[in-house]
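Novice: Letter by letter, the chains look like this.
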Amino acid sequence: MLIAKVRGTVVSTQKDPSLQGSKFLLLQLIDENGNLLPEYEVAADCVGAGLDEWVLISRGSAARQPSSQEKRPIDALVVAIIDTVTVDNSRLYSKNEVYR
Amino acid sequence: MLIAKVRGTVVSTQKDPSLQGSKFLLLQLIDENGNLLPEYEVAADCVGAGLDEWVLISRGSAARQPSSQEKRPIDALVVAIIDTVTVDNSRLYSKNEVYR
Amino acid sequence: MLIAKVRGTVVSTQKDPSLQGSKFLLLQLIDENGNLLPEYEVAADCVGAGLDEWVLISRGSAARQPSSQEKRPIDALVVAIIDTVTVDNSRLYSKNEVYR
Amino acid sequence: MLIAKVRGTVVSTQKDPSLQGSKFLLLQLIDENGNLLPEYEVAADCVGAGLDEWVLISRGSAARQPSSQEKRPIDALVVAIIDTVTVDNSRLYSKNEVYR
Amino acid sequence: MLIAKVRGTVVSTQKDPSLQGSKFLLLQLIDENGNLLPEYEVAADCVGAGLDEWVLISRGSAARQPSSQEKRPIDALVVAIIDTVTVDNSRLYSKNEVYR
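Read top to bottom, the protein sequences are chains A, B, C, D and E. Residue numbers for the first sequence follow my numbering, beginning at 1 and rising by one. Residue numbers for the second sequence follow my numbering, beginning at 1 and rising by one. Residue numbers for the third sequence follow my numbering, beginning at 1 and rising by one. Residue numbers for the fourth sequence follow my numbering, beginning at 1 and rising by one. Residue numbers for the fifth sequence follow my numbering, beginning at 1 and rising by one.
Treat the hints with care, since some could be wrong.
Unchecked claim - SDA-like cross-link-like pairs, simulated, lysine to any residue; straight-line CA separation at most 20 Å:
(1) A:LYS71 with B:ASP45
(2) B:LYS23 with C:PRO17
(3) C:LYS23 with E:LYS71
(4) D:LYS71 with E:GLU70
(5) D:LYS71 with A:GLY34
(6) D:LYS23 with A:THR86
(7) B:LYS23 with A:PRO17
(8) C:LYS71 with B:GLY48
(9) A:LYS23 with B:TYR93
(10) E:LYS71 with D:SER94
(11) C:LYS23 with E:THR84
(12) B:LYS71 with C:ASP45
(13) A:LYS23 with B:LYS95
(14) E:LYS71 with D:VAL47
(15) C:LYS71 with E:ASP45
(16) D:LYS71 with A:VAL47
(17) A:LYS23 with B:VAL47
(18) D:LYS23 with E:PRO17
(19) D:LYS71 with E:LYS71
(20) A:LYS95 with A:LEU51
(21) A:LYS71 with B:SER94
(22) E:LYS23 with C:ASP45
(23) D:LYS95 with E:THR13
(24) D:LYS23 with E:GLN14
(25) B:LYS23 with C:ILE81
(26) A:LYS95 with A:GLY34
(27) A:LYS95 with D:GLN20
(28) E:LYS23 with D:VAL87
(29) C:LYS71 with E:GLN69
Simulated from the structure, these hints should not be mistaken for laboratory data. Please read these numbers as outputs of a predicted model, since none were measured by experiment.
Could you put together the complete structure from these sequences and hints?
Specialist: As structure tokens, this is what we get:
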């Protein structure tokens with residue numbers, strides 16, 4: 001999975017019928033030092049992530065494992081809102097203290 | 001999923017029989033600031049996207065989830081025509097106003 | 001899918017038994033301006049593509065959708081020989097006129 | 001598969017219900033000379049890997065092959081703790097001697 | 001598929017039970033001119049490839065198509081030992097003559 005920051009939303013009315021009701025988040029990838037990377041992903045969201053939150057994205061067929069996403073033509077899904085990221089036993093990120 | 005701009009079409013008569021009737025779009029990827037990237041994708045289209053429109057592309061087995069695409073040897077599909085893209089609460093793109 | 005040019009062949013006698021009879025093509029990827037990229041792919045061929053022809057490659061599980069390729073350990077397949085590529089309403093490539 | 005070094009952990013309480021009980025490791029990829037690459041992966045762990053250990057990561061649907069991971073929306077899994085890596089008949093890494 | 005050269009082995013005793021008996025090869029990718037690329041892959045081997053041999057690697061779910069690999073959490077498999085690679089009708093590599 002990849003760590004990303006919620007940066008915005010993508011809205012579409014003309015889409016595959018199975019995507020009705022899907023919310024698409026614009027996510028910018030984060031490197032292992034907590035810096036924003038110049039890469040983004042658009043993913044469906046099944047955990048209710050908010051703007052600026054750090055999340056975990058699963059890509060490929062993993063995105064369709066939850067029953068709510070089965071048979072939907074999606075290849076990326078937000079599967080978790082991150083509480084903490086620890087590197088070499090020191091705290092890189094903590095949702096509560098928002099070190100970053 | 002990835003955001004891309006419809007730039008053209010790819011036509012082929014000699015192809016896997018299951019691809020008869022498929023329309024292939026040439027799509028150029030767009031970065032999170034709305035700029036064209038030097039990367040493209042060729043995708044089947046199931047939403048009727050037009051030239052210069054911004055779309056969402058799903059890749060991998062996601063492309064074969066709609067019943068119309070099952071068992072077709074495709075690995076990319078246009079799944080939505082984008083109305084708006086919002087980043088940090090400000091409008092990056094709007095199909096109606098075509099900021100870009 | 002990706003656009004590529006047939007550059008050659010890869011021959012192997014010692015291979016997974018299910019690959020007996022498979023022809024492998026060496027394909028160089030092409031960018032959206034029609035230039036060769038420094039990236040290649042080896043793909044099985046089910047449309048009879050010839051040297052220097054432009055083709056469409058499908059990758060991942062898409063390569064095993066045609067019944068002839070089921071259960072074969074391949075991750076790339078030539079699925080179409082390209083007749084024309086049009087970008088912004090102007091012809092980038094035409095098999096007959098071989099602009100490139 | 002890819003070789004990586006365990007660098008830390010990612011903790012999340014708000015996640016897809018099927019991920020309850022999953023431990024996520026932050027892994028930094030390693031190149032063929034044993035140097036850390038500027039790329040990381042977050043993976044579920046089913047072999048109990050510890051900090052600084054070299055491991056093998058499988059990505060994509062491979063991550064959901066063990067019965068313990070079926071139907072979980074994960075796209076990366078630690079599948080082995082590496083004992084040794086040998087290149088051109090000479091030892092690049094050995095868990096016991098920790099050449100690196 | 002990708003062309004690679006066998007450079008070494010990766011040994012692990014602590015691994016997913018289904019991987020018992022699997023041999024992992026360290027493979028360095030080769031470009032279309034026959035030069036080693038700074039990218040490697042670790043793959044299971046089902047054709048008995050030896051050090052310095054050129055091989056074809058399949059990645060993703062393709063790696064689990066042979067019955068011997070079903071349900072194993074692997075995402076890369078050596079599927080063929082290469083005899084010859086021909087580019088623009090001239091021989092780039094021949095196992096017997098080992099041009100490279």
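Novice: Hint check: LYS95 (chain A) vs LEU51 (chain A), CA-CA at most 20 Å. Holds or violated?
Specialist: This hinted pair holds, its Cα atoms lying about 12 Å apart.
Novice: Between LYS23 (chain A) and TYR93 (chain B), is the straight-line Cα distance small enough, at 20 Å or below?
Specialist: 17 Å, holds
Novice: Is the straight-line distance between the alpha-carbon of LYS71 (chain C) and that of GLN69 (chain E) 20 Å or less?
Specialist: The given pair, whose Cα atoms are some 12 Å apart, holds under the 20 Å limit.
Novice: Take the C-alpha atoms of LYS23 (chain B) and PRO17 (chain C), compute the straight-line distance between them, and say whether it is at most 20 Å.
Specialist: 35 Å, violated
Novice: Is LYS71 (chain A) within 20 Å of ASP45 (chain B), Cα to Cα?
Specialist: 17 Å, holds
Novice: Can the restraint linking LYS23 (chain E) and ASP45 (chain C) be considered satisfied, given a maximum Cα separation of 20 Å?
Specialist: Outside the cut-off at roughly 29 Å; violated.
Novice: Keeping to a limit of 20 Å between CA atoms, is the pair of LYS23 (chain E) and VAL87 (chain D) held or broken?
Specialist: Holds: LYS23 (chain E) and VAL87 (chain D) sit about 15 Å apart, inside 20 Å.
Novice: When you check the alpha-carbon spacing of LYS71 (chain C) and ASP45 (chain E), does it fall within 20 Å?
Specialist: It holds: about 17 Å lies between the C-alpha atoms, which stays within 20 Å.
Novice: Regarding the pair LYS23 (chain D) and GLN14 (chain E), is the alpha-carbon distance no greater than 20 Å?
Specialist: Within the cut-off at roughly 17 Å; holds.
Novice: Need the status of pair LYS23 (chain C), LYS71 (chain E): alpha-carbon distance at most 20 Å?
Specialist: 27 Å, violated
Novice: Is it true that the CA of LYS71 (chain D) sits at most 20 Å from the CA of GLY34 (chain A)?
Specialist: 30 Å, violated
Novice: LYS23 (chain B) and PRO17 (chain A) were given as a pair; does the straight-line alpha-carbon distance stay at or below 20 Å?
Specialist: 19 Å, holds
In this structure, the hints that do not hold are numbers 2, 3, 5, 8, 10, 21 and 22, in rising order.
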